[in-house]
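Peer 1: This is what each chain is made of:
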Amino acid sequence: MLLPTVLPADGLVQLGVRVALIVLIAVLLRVAVNRVIGHVSAGAGVPGLLSLLRRRRGVSDADRIQAFGSARRAQRARTVGSVVRNAATILIFGTAFTMVLGQFGVNLAPVLASAGVLGLAVGFGAQNLVKDFLSGIFMLLEDQYGVGDHVDLGDAVGTIERVGLRTTTVRDLTGMVWYVRNGTIERVGNGSQDHAVAVVDVPLAIDTDVTRAAATAEEAAVAAVRERGHAADVLDRPQVLGVEQLSASGMTLRLTARTRPGRQWAVQRAMTEHVVAALRADEVELAA
Amino acid sequence: MLLPTVLPADGLVQLGVRVALIVLIAVLLRVAVNRVIGHVSAGAGVPGLLSLLRRRRGVSDADRIQAFGSARRAQRARTVGSVVRNAATILIFGTAFTMVLGQFGVNLAPVLASAGVLGLAVGFGAQNLVKDFLSGIFMLLEDQYGVGDHVDLGDAVGTIERVGLRTTTVRDLTGMVWYVRNGTIERVGNGSQDHAVAVVDVPLAIDTDVTRAAATAEEAAVAAVRERGHAADVLDRPQVLGVEQLSASGMTLRLTARTRPGRQWAVQRAMTEHVVAALRADEVELAA
Amino acid sequence: MLLPTVLPADGLVQLGVRVALIVLIAVLLRVAVNRVIGHVSAGAGVPGLLSLLRRRRGVSDADRIQAFGSARRAQRARTVGSVVRNAATILIFGTAFTMVLGQFGVNLAPVLASAGVLGLAVGFGAQNLVKDFLSGIFMLLEDQYGVGDHVDLGDAVGTIERVGLRTTTVRDLTGMVWYVRNGTIERVGNGSQDHAVAVVDVPLAIDTDVTRAAATAEEAAVAAVRERGHAADVLDRPQVLGVEQLSASGMTLRLTARTRPGRQWAVQRAMTEHVVAALRADEVELAA
Amino acid sequence: MLLPTVLPADGLVQLGVRVALIVLIAVLLRVAVNRVIGHVSAGAGVPGLLSLLRRRRGVSDADRIQAFGSARRAQRARTVGSVVRNAATILIFGTAFTMVLGQFGVNLAPVLASAGVLGLAVGFGAQNLVKDFLSGIFMLLEDQYGVGDHVDLGDAVGTIERVGLRTTTVRDLTGMVWYVRNGTIERVGNGSQDHAVAVVDVPLAIDTDVTRAAATAEEAAVAAVRERGHAADVLDRPQVLGVEQLSASGMTLRLTARTRPGRQWAVQRAMTEHVVAALRADEVELAA
Amino acid sequence: MLLPTVLPADGLVQLGVRVALIVLIAVLLRVAVNRVIGHVSAGAGVPGLLSLLRRRRGVSDADRIQAFGSARRAQRARTVGSVVRNAATILIFGTAFTMVLGQFGVNLAPVLASAGVLGLAVGFGAQNLVKDFLSGIFMLLEDQYGVGDHVDLGDAVGTIERVGLRTTTVRDLTGMVWYVRNGTIERVGNGSQDHAVAVVDVPLAIDTDVTRAAATAEEAAVAAVRERGHAADVLDRPQVLGVEQLSASGMTLRLTARTRPGRQWAVQRAMTEHVVAALRADEVELAA
Amino acid sequence: MLLPTVLPADGLVQLGVRVALIVLIAVLLRVAVNRVIGHVSAGAGVPGLLSLLRRRRGVSDADRIQAFGSARRAQRARTVGSVVRNAATILIFGTAFTMVLGQFGVNLAPVLASAGVLGLAVGFGAQNLVKDFLSGIFMLLEDQYGVGDHVDLGDAVGTIERVGLRTTTVRDLTGMVWYVRNGTIERVGNGSQDHAVAVVDVPLAIDTDVTRAAATAEEAAVAAVRERGHAADVLDRPQVLGVEQLSASGMTLRLTARTRPGRQWAVQRAMTEHVVAALRADEVELAA
Amino acid sequence: MLLPTVLPADGLVQLGVRVALIVLIAVLLRVAVNRVIGHVSAGAGVPGLLSLLRRRRGVSDADRIQAFGSARRAQRARTVGSVVRNAATILIFGTAFTMVLGQFGVNLAPVLASAGVLGLAVGFGAQNLVKDFLSGIFMLLEDQYGVGDHVDLGDAVGTIERVGLRTTTVRDLTGMVWYVRNGTIERVGNGSQDHAVAVVDVPLAIDTDVTRAAATAEEAAVAAVRERGHAADVLDRPQVLGVEQLSASGMTLRLTARTRPGRQWAVQRAMTEHVVAALRADEVELAA
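Chains as they are written, first to last, in UniProt numbering: chain A, 1 to 288; chain B, 1 to 288; chain C, 1 to 288; chain D, 1 to 288; chain E, 1 to 288; chain F, 1 to 288; chain G, 1 to 288.
It should be emphasised that the hints constitute simulated quantities derived from the structure, not laboratory data. Be careful, since some hints might not be right.
What the hints assert, rightly or not - Now the stretches of chain B that chain C is said to cover, found in silico as 3 or more residues with beta-carbon under 8 Å:
id, stretch
1, 26-32
2, 80-88
3, 229-239
Said to hold, decoys possible - According to the in silico footprint, chain F covers these stretches of chain G (three or more CB under 8 Å from chain F):
id, stretch
4, 25-33
5, 170-184
6, 215-226
7, 231-241
Claimed, not checked - If you anchor each label on the Cβ, the simulated ranges turn out as follows:
id, chain 1, residue 1, chain 2, residue 2, range
8, F, 154, E, 172, 21 to 31 Å
9, G, 14, A, 101, 26 to 36 Å
10, B, 89, A, 25, 16 to 26 Å
11, A, 195, E, 236, 20 to 30 Å
Bear in mind that the values here come from a model prediction, so they are computed numbers and not experimental data. Just so it is clear, CB atoms sit at the ideal spot from N, CA and C, and this is done for glycine as well.
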């Protein structure tokens, strides 16, 4: 099959026609595909595509899409469109090239197809690359995070510095920059979407009067929000949930407050300081 | 095989007939398949399908199906139907397209089939995608969870925000939004089905009079339900199970109460506070 | 190979004969297979099949089979029979369909067989599904557990709510419902078969008189069974095994009692409470 | 290749001859194979086979083989023989069936061989089944454990209840029955072979006179064996090995005694109790 | 296919022409490819390529690229170019060689392609090598780290000694040199990019006056920077974030300061020493 | 390909000749191979083979080879030789059988080669078996351990009872017999080769005079060797290495002594007891 | 394909010519390849090859290469050369043998290539072997360690006893010899390259005067080097880095000193002893 058959003298014209046909079809196909992709990715296209992946979102989807601003959405549309266009181009011209070579009796297909030992090694070795890129594309499509979001990628926790197709870059608390391969990310935690929650767990001695402690703590938490200038950061009034945990070493009283994304740590610190101070002033015994 | 044989001048009519036949069959097949799918997914279809997966459910299945409301069931039926229909369409027209090309002497099949190195890499790299979608479809079919359910997906614990075909989105206690790939979910814990249980483990010193402590605790738990307004949340009277654990550092007394789903944490907190207060008032020594 | 050869005008009769033959054989085969399956799964069939898997069971096999009641056995036989029948039907008609298409010069086989990139991705992605179903079928065949059994599946511990072919559903202590994929279950612990054992480990100070403590504990355990109404639950008289563990922080005295399945926790709690009280009354120093 | 060629009118006789030949050879082959298997598995066969796997056993191999009793050996031989016979039958008739079909122009081979997408999924999904059965067969052949043995399978520790080809069943201390897939067992610990060892580790304060403590402990251990009726269980005189461990929190003195299999726990408990009592009587300070 | 057909006497000329053609095309192709690669890797090429991978970098990308200095960029361009050139050469001449052999009736392709048992073993065994090299190439392309950077590769933490295509070499704190295979690196933490952060967590007793402690600590941190000569190392004024953690054993007060990369440890040590001394002087009780 | 072509009446003689040729060659090949293997495995062969694997051994290789005694070496040579011979026989006759069948128009090759679904399942399921045997053969060839050696296989620690081709059997401290599949052994620790080291780590209070403690300990260690009859077991004079570890809870002083293999534990225990007694007598404060 | 076609009477001469040609080419090829390999591995070859792998080494590469001594380099060159030569020989003659057989109508290729079930099992089972050898070859090429180096292979820590192609042998602290399969080594830590670092972490009470403690410690460390005869071992003057860690239980003061490889432990012990003694003499409170 690999042997080029003797070139038929009277087949040369036919050969030329066929080659021209292949090239022509490839070019036309590419133009058509690019146009479709451009059409789809601009305007209504990508949202339509996204709606397939998103179908069941809960509350306030419209609001949130709006919140992205059209800038971020447009940028994502462009990135996705360019990825698809490049893939289509490579596929179309690669196939055409192989077919033209085939017209000249040089069949690359078997060589490529059954590279055997080498093929196995390279094919399997490269699967991670493919995984990384596929994961990257889908994370982009589903808009799981953007530059500046606070995320937990399992391997790294911090602020997104760059969203790449193969790797995502995150800078953590200590300023370390983490390059995480997209294919190794099994779940993404994004702390910058819609709202966050400040959680304070106060350790209490086991013979504390919980009712009084809870009243004092709630009052202090509200004061913390007011006095430390976090009024704009907190979406609801802080509230005491109650005793969260009971063990031989004491109880844990939990307070929470919904905040704007990115503000949860500041609010949480303010609440912690005020609550501890208030409980101490009130002579409530903290676990020790 | 890849070489288009010289086009037979007298075969052009036959070729046209064959191409038309292929296209016709594909279109007819698609219409037929779509009709069957629509028929199956509407009305009795999906429940019938589901009953295959569900065959051995325990108690009160009828009740629960009812509880879903027809809205959620209909939505699920539509999603599943649309997934199946798209898959069938892609399969039918893809095959038809390949066969038509084959009529013109352009065989895509070998190229696709034995893409060799590239094929291995892409095929293996993409298997995770397939896993994710297949898992998503089955989780949808088995209705393992819906938006608003409190779930434990292993990688993330919280409230479902969105049930996607590739990823499920969960918002946890701290407001962090987790994107979990469906294929990585090995087991799902759903805390919002039918009922939940509030569990309180009270640590006791090893020389406590357990009988008296149990009586005091049970009374306090009942009072907690009554006084804190949880009467509607609790399905049974709270009860003391007894000493659950015995170790060098003391004993653990366990109380439980069946509650409506989603109310277990509030009931549990109320019971904890009342039981600890009552035991302290009764001078029962808690482990320290 | 994919190109339908020009339809031979004089071959139409032969073609019709062959197609009819294929369909006929397929239908006959299916009838025959179904009959055999029905025969095997009803009556002596499944037990015979099961005996292959069970060959080396220890004691009281006959008793236990009886204990299942014929209801559970019949249900299992039906489920298994229906699974096998569906598989056979799909296999037979699928093959016939492919062969009939082949008669018309439309060969699906190569397309299916060598779907290449897509095939790899889907084939590998779907292997988990197959694993789940195969595991489910074998767990059913071996009757590892049934609805209501208390099981430990590794990923989830609790009471079986539903035994599905793809997933098993378990409700745990806190009322959470766990969906566990059958293929991820590596070992099953079933606490509801034949009997269970209540185990109490009493922590003793290192300078305790073990002989006296053991006597006191055994007496108390027997009293616990008698006085707390567990006489019917306990199969043997509770006994003290002796010092199980010796470490720098003390000794551990172990008592056990064989109970009816499902009653081990109640018996264990009663024994714990009585033994601790008796040792305290006897002024035996427990580890602290 | 899948297209049955037109049946040659003059080839019918030859076809009949060939089909008969195939069937005949298959039947003869099966008879021959079964006879060989029966021959091998009865009498000298299996031991011969086993000797291949066992070649390098240490001491007292002959004794142990004898100890199995001929009952257990015969049962194993029968199980193995039946497994091999069934496999051979399936292989021979399956091949013959495929070849007969091939004579009629119906080639199942390509269909089976290249089931493509489905084949990949099923083939990979089923590999666990094969692993389980292969592991089961080899564990049987090597006689790693039998019903009643105390084993540690990693996933489960307890007494063997049933040795199956796919799963092994173990009942643990608490009466729970564990079904462990044979293919998931990486190493087997069998505590019921030839002899066991009771090990007592006594924690000593760091300023203990080790020589005196060792003498006291050894004497007490010997007394424990004598006075508690374990003379028949213990194969050697218990002995003190010496200080096993030295750390900031004290020393550990180790005593061991070789026992009959299954009696190690009773002996160990008796020794522990006597040694601790003797050391206390001798005013040797135990670590606290 | 492997059998060389009898050499056609009249085909020798044609054969020579075809061989010459193959060699000619191979040489021309190689020249063309090398030229393109040289063109791309020099000047605008690699940055263009990189921009594909980098598209979404956050702040100050231009600055940073500049900071690399042209030396490091040029070196990376050369390395990448040489890798690509070698790969292309091997591919082109390998294919040509196989095709020439094919002209003489010696088909290596099937041998290579279907090396069967051996091929599987070698192909799979070698996939790690491929993974390592592919990972190495991409890490180089994305410039994740360079010689001298302080990195955390998961398996090893320390300073980069060498960036190889298969392995990366890191020297850790104790002077140990770690060879890490690039394919095993799932995420890279680079502590030498743009800036780092010194973080000091001061443990406080639970009844400390946090406000006063924070003021003292901040003042001390600023003094540390000034007095210990770190003014040039610190980019912002050190600041107290507040109480980071609250537990039964006390609170944790966090201070941070952005520093130049590589200077974070020195700054952190200076700040720690000054803050502890100041708090002690101020009689603030540290957790003990 | 599977269809036996009609037997050519005039080809019968040729067929007979070919079959005879195949059988003859197979028999001759087997004789030749067996002779070569016998030649190689006896005498200089295996060492030569081993030297390939061993090339870079450090000191005293000759001595050690000698130490094995010729018995163990001969046994290993026989085992390896028999394995290779069986493999060669199976390969040669299996190929011949397939080829003879092929002469009669019965091609087993395609059936075997492309068993499809079944083949995948069995092939993958059986790979663990192959891994086990290959690992076993290489461990034998490299002589990593023999019966009676004290080894750490990761999964099991103890004394080798049997070295099998598929599993290795180890008896641990408690008399439990572990069957470990050779393929699951990633690294082997052998404590019975050439020499061992007794290591004693003495915990010292942080304000101990290390110089005096070291002197006392070394003297005591030497005395322990002399007085407890370990002079023949210890290869060098015991020595104090110095302070190995420094932490908040004290220092650790390390002593070591090279011993004959298998005697390290007895020596270590003697040294521990003497050193602790001497330090106590010397009023050196041990960590507490 | 497997059927030898009837030997063409007039083709015998051609056959002979072709066989001779194949053998001739194989022999010539082997001679040529061996010569090239010999040329490359001797003299400039291997370094050139190595430079490809090493391209980016940091400081003093020339010095280090020199330090190896030519002996070690030459040995490595020989080992590598012999490996490559053997592989080439096997490849060339194996291919020639297969081709010659093909000339006689005996095609081994399909048998080898598509061994089906067996092939899968053996191929996959053997991939670990291939991994081990490939890893071994590359570790040799990159000269990651040599006999006598102190290494951390993850699975084993100690001194290299032998560098094999499949396994590496390490003797650890207790004299145990570890056989580690090269393919399981993910990262290698080599503590014998160029220099090492002695690190002493002194625990200080939280209210220590760090400045004074640091001064005392540094002085003591310098004294330790001088007085204990380590002047030649230490490359730089020991220095105090400062407070490394601050926690509720105290501070940690870190001292380091660069040493000659292999001397870090002795230096570290000397420094520890002197620093602790000096701090105690100076009445600095160490953490307790």
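Peer 1: Hint by hint, say whether it matches the structure.
Peer 2: To see whether the hints hold, each was checked on the structure:
no.: 1; hint: 26-32; verdict: violated (count 0)
no.: 2; hint: 80-88; verdict: violated (count 0)
no.: 3; hint: 229-239; verdict: violated (count 0)
no.: 4; hint: 25-33; verdict: violated (count 0)
no.: 5; hint: 170-184; verdict: holds (count 11)
no.: 6; hint: 215-226; verdict: violated (count 0)
no.: 7; hint: 231-241; verdict: violated (count 0)
no.: 8; hint: F/154 with E/172: 21 to 31 Å; verdict: holds (26 Å)
no.: 9; hint: G/14 with A/101: 26 to 36 Å; verdict: holds (32 Å)
no.: 10; hint: B/89 with A/25: 16 to 26 Å; verdict: holds (24 Å)
no.: 11; hint: A/195 with E/236: 20 to 30 Å; verdict: holds (29 Å)
Hint compliance for this structure: hints 1, 2, 3, 4, 6 and 7 are not met, and every other hint is.
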